Amino acid sequence: MTSTAATDGGEGTGGIRAVSRAWRVLRAFTPDRMSLSLAEIVRETGLPRTTVLRLVDTLAAEGLLEAGADGQIRVGTALIAFAAFADAAWTVPEASLARMRALAAETGETVSLYVREGHQRVVVGQAPSPNTLRHAVQQGDQLPMNVGSAAYVLLSLEPPAEREALVTGIVAESGGDPQALRDGIARAAEAGWSVSHGQREAGNSGLAVPVPHTGDRRPARTVVLALGGPTVRFTDEKIPEFVHAVRRCAEDIARIGLPPALY
Numbered sequence: 001m002t003s004t005a006a007t008d009g010g011e012g013t014g015g016i017r018a019v020s021r022a023w024r025v026l027r028a029f030t031p032d033r034m035s036l037s038l039a040e041i042v043r044e045t046g047l048p049r050t051t052v053l054r055l056v057d058t059l060a061a062e063g064l065l066e067a068g069a070d071g072q073i074r075v076g077t078a079l080i081a082f083a084a085f086a087d088a089a090w091t092v093p094e095a096s097l098a099r100m101r102a103l104a105a106e107t108g109e110t111v112s113l114y115v116r117e118g119h120q121r122v123v124v125g126q127a128p129s130p131n132t133l134r135h136a137v138q139q140g141d142q143l144p145m146n147v148g149s150a151a152y153v154l155l156s157l158e159p160p161a162e163r164e165a166l167v168t169g170i171v172a173e174s175g176g177d178p179q180a181l182r183d184g185i186a187r188a189a190e191a192g193w194s195v196s197h198g199q200r201e202a203g204n205s206g207l208a209v210p211v212p213h214t215g216d217r218r219p220a221r222t223v224v225l226a227l228g229g230p231t232v233r234f235t236d237e238k239i240p241e242f243v244h245a246v247r248r249c250a251e252d253i254a255r256i257g258l259p260p261a262l263y
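Just so you know, we're using this note's numbering here: the sequence shown kicks off at 1 and counts up by one.
Bear in mind the hints are in silico, worked out from the structure with no lab data behind them. One should not assume that every hint holds.
[Said to hold, decoys possible] Below, a list of computed lysine to any residue pairs in the SDA-like style, where the Cα atoms sit at most 20 Å apart:
1) K238 - R134
2) K238 - G192
3) K238 - G198
4) K238 - R101
5) K238 - H197
6) K238 - N204
7) K238 - A191
Small disclaimer: the values here were computed from a predicted structure and weren't measured.
Go ahead and model the full structure; you've got the sequences and the hints to work with.
So, in structure tokens, the structure goes:
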């Protein structure tokens, strides 16, 4: 499990820090670990034991967590409503998902929709590759923005005056070479698409294009459509075909629709 331990830097003060810390406690739980001891939450969040104890008590009072007689902390029933709301807000329309599945079948690669969330990019929809050897990310995964074709395209769509501040913040948070990030953004801005090989994970490649705005229904933030898969399948001969296919799919999705939360 990815640790959520972090310093308090960037959490703010007062009530803002309390909310951020409570969120860190909730993020310690995953589908694989729905029951944690107090000591495990302390370890995963990096927060003091007394702070975690107060937060658990507060979250339990709101029904977001519950403490069992065995001393284990579990997710609470109040999260059911949040989960249903999040699902309704962020589910890709079935027709758009069907189009993404068709692209995955056509190219043989995993198809993902990404949006930027601060200094991270988030998978908001996916159609997996039909191949056994494939790119593996899940809906809701948060990935760094310091490398990768989807990151370059997302950042290329930001106002030029804001890009340098984003580059500085991303590199400070995730590391990497700021000039390499700037170069990747510049290439994506010029070409209107981006391809990368082995940057986030050795042997894995990605190719991304923007989802265009069509008509009056403009999404509230930029979205990219990306292919991901083994580098051995992203050959020089295949890449132009991939760009054409992904662009056609992105145009179709723009017409069909994105998750409701994006409008």
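Could you work out which earlier hints the structure fails to respect and list their numbers in ascending sequence?
none
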